[in-house]
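With the sequences and hints as input, model every part of the structure.
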Amino acid sequence: MNLDPDITQEDLQVFLDEAEEQLQLLDENIVAIEGRDDSSDLIQEIFRAAHTLKGSSAMLGYQEMTDLGHAMETLLDSVRKGSLAPTTNVVDALLHSLDKLRLLKDALIEPPDKPIDVSDVVAELNAAGGGKSAVPVKTIAVVELKLTDAEQARVTEFLKTQVKAKAVLVRATLTDRCEWGAVRWFQVLGELSEAGQLIASNPTQQQIEEEEAGTSLEAVVVGEIDEEELVRHVRAVADIATAEIEEYRVESDSSGSKASSTAAGAGTKTAQTIRVDVERLDLMMNVIGELVIDRGRISQIGRDLEAKYRDESLVTELSKTSAHIVKAVTELQDRVMEIRMLPIGTVFGGFPRLVRDLAQSLDKKVEFEVKGQDTEIDRTVIERVRDPIVHLLRNAVDHGLEVPEDRRKARKSEKGVLTLSAYHEQGHIVVEVSDDGKGIDPDALRASAVKKGFLKKEAATNLTNQEACELVFLAGNSTAKQTTDVSGRGVGMDIVRSNIEAIGGFVSLETEVGKGTSFKLRLPLTLATVQSLLVQSDGGIFAIPLVYVLETRRVPKDDVHIVNHHEVFNLRGTVLPLVRLTDAVGWESRRSQKTDDEYVVVVRAGETQIGLVVDSVIEPQEIVVKPLGNFIGDVRGVAGASILGDGGVALILDIATMINMARQKGAFSAARSLDAENVADDEPAEAAAAA
Amino acid sequence: MADTTGSTEQQLVVFDLNNEAYGVDIESVREIIRLQEITRVPRTPDFVEGVINLRGKVIPVVELRKRFGLPVQDRNSENRIVNVDIGGQEIGMVVDAVTEVLRISSDAVEPPSSVITTADSGYLKGIAKIDDRLIIMLDLDQVLSTDEKAALSSASLDAA
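Chain order of the listed sequences is A and B.
Mapping the first sequence onto the numbering used here, position 61 (from 1) lands on 61, and the numbers just tick up by one.
Mapping the second sequence onto the numbering used here, position 1 (from 1) lands on 692, and the numbers just tick up by one.
Be aware that a few hints might be false.
[To be verified] Simulated crosslink set (SDA-like; lysine to any residue; CA at most 20 Å straight-line):
(1) A/Lys626 with B/Leu745
(2) B/Lys820 with B/Asp707
(3) B/Lys748 with A/Lys412
FYI, nobody ran anything at the bench for these hints, they're computed from the structure.
In structure tokens, the structure reads:
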């Protein structure tokens, strides 16, 4: 690998960023064209990505990547023109090239032990394309540039308004041995655009893109131009044989002609986007978090002042101002949140490939559908859902979907359908992975859990089917008959669950034997703030993230029963364990001294529900999560702290952990024994915790 | 922290605890605030009073009397929270009262071994003699040493 010695570290970074984008594009699109004949847009996009990679790697002097990009482009060109069908061979060759491109890109970051050989994939590409070789640079006679009236008008206008500006005509030619003419012309146009405004060029940028450029070029540029320096810059581009510059004179006074809106050349498009380091956005979000806290505080103080000095005009003034600040902060928060939002499709990119490769290796036929890629979600959440989704997809292909033969026997289409979809639901994002495979057999899970010693036999029998299916989330409880390198070792589902719960979401599943399985991940929109219900218990204020809250209700004392020392209550026919918040956080209990109703917040994690007894329910509020810090460390049942409008601190409850703690104490078996009117003396989660 | 070679000067924040004077290096003191409402945190050792909000940050607060095994007394208006920086983490310490800021010469400091030799004296950095008074100088890193921190995290595990 011999790079152009002039390449700076910055150039390299720009190249790497860009290359990554193009590689992702390829990743997303290549799989999609297989066996389809209506995918000309996609092919065009793939072609463009390969082309861009070829071009930018040539600028870097990265020969291996340029060669490979070129071979891909040649193959894609045939597909684009319809002379070659996107068969499995073609897609395979492209995918292998993509893998090689990734290796090449990584080699720039960390040089490998031995040079990367691209000749094998280039040969594969050529073979797939029917052995055609690279398209040579066309040679066209020396060009001459004629400006349109509109372009002339722009030059005139420019010269009129910018006193120091001048218009110049640049002519350049390439050496005969130049291989990548288009790339060099791009570089030349880049130099020209940097010096001033590019009015027009022959060949145009579009012609260059389509490889219709010859060995000479003319262009008109306006601006405050240092002619000598510009010529020097153009000559510095590799493979440029000659470069000249002269002042450009507008041929006729076109001030009278009306400017038509014909698109003028290229290179004049202004930047619409900027790249920002995500760390800066994170910092900004932190500051806004502070503002959100103060927002709460300011409106509280405003209310208090108003109550105290109702008729004071200054107070009214202050209230108005603070109301506006509140509004502005909310707006600012929303805007920054928007900036941090990414379509969830950015992590879906590699999935079609993953599913295809996996299905191929397992001899399964899978139709993979992706829906709702545009659903937007905070980037911090995105980073943390990728692995769980990958795991669910692998599981679905490996265990969910059957081999074609079994599917035929089950009278299903040979091709299994695997769907990944994302959508909004009540202020959360739901990501769903569903398959139409064989479903999860609750009895198999019961048996497996008993065999592996997680559960006693009677306890397993006592589980409802839904509860039995949730045993898949137990560490080590895999029912796969064979351990493959894909899955089946029983690690993973528990990690999926804990990863999702760690970001304040939860996992649930629906399954039917023979019909298929669907896993749902409910995710928060962002990790920066949490919509929470504030409650009071024993003088302290606690926040319960709304994602866990089902409802709040007053439960009459008479509806609370005690079974095996556990309090339970009846919620519309289901008996739920009742947990007193003071007990749950480990403070001394003041049980059952009240005679009137209990305030109960019904919370859930997954499909499991409990009633949380509190002294009072305050209100739902958007809170900012603050860590408790290293000194205090992790506290079981507490997810963090938050600062309230009155300046006090509320602890944020970790409901998933609290429910687990209730389980370990046997609260659920108590509830169930009343529910089913038979006594179960064991509990799945007890066993899970012991394991 | 403190320079013990030659006769250099050092500034101490001096506070009262059970009628004795303690001093900490002013470098590690971020600020001194009045007592405010402290939010209890479950499953922490008893000397951890809880957390407070200090200008948007959540900071743990330790009751020094409990940490040193001294009798606990009712809070009064003299009580202060001394907010210190221990290895990058801000921690508030509840003390009986903050009395003064003193400039002392390192000559005035004697190693603790010559005065006290108890097992729990690890957090004593020295004894400063100013006129006829004795000021116990604390080594903050030791007051909340890594052992203590380990105890903290295991305490939260044990409670599970």
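Q: Please work out if lysine 820 of chain B and aspartate 707 of chain B have their alpha carbons no farther apart than 20 Å.
A: Satisfied, since the Cα-Cα distance of roughly 16 Å is no more than 20 Å.
(Q) Please verify whether lysine 748 of chain B and lysine 412 of chain A have alpha carbons no more than 20 Å apart. (A) 59 Å, violated
Q.
Between the alpha carbons of lysine 626 of chain A and leucine 745 of chain B, is the straight-line distance 20 Å or under?
A. OK: lysine 626 of chain A and leucine 745 of chain B at ~12 Å, within 20 Å.
This entry does not satisfy hint 3, going by the numbered hints stated previously; all others are met.
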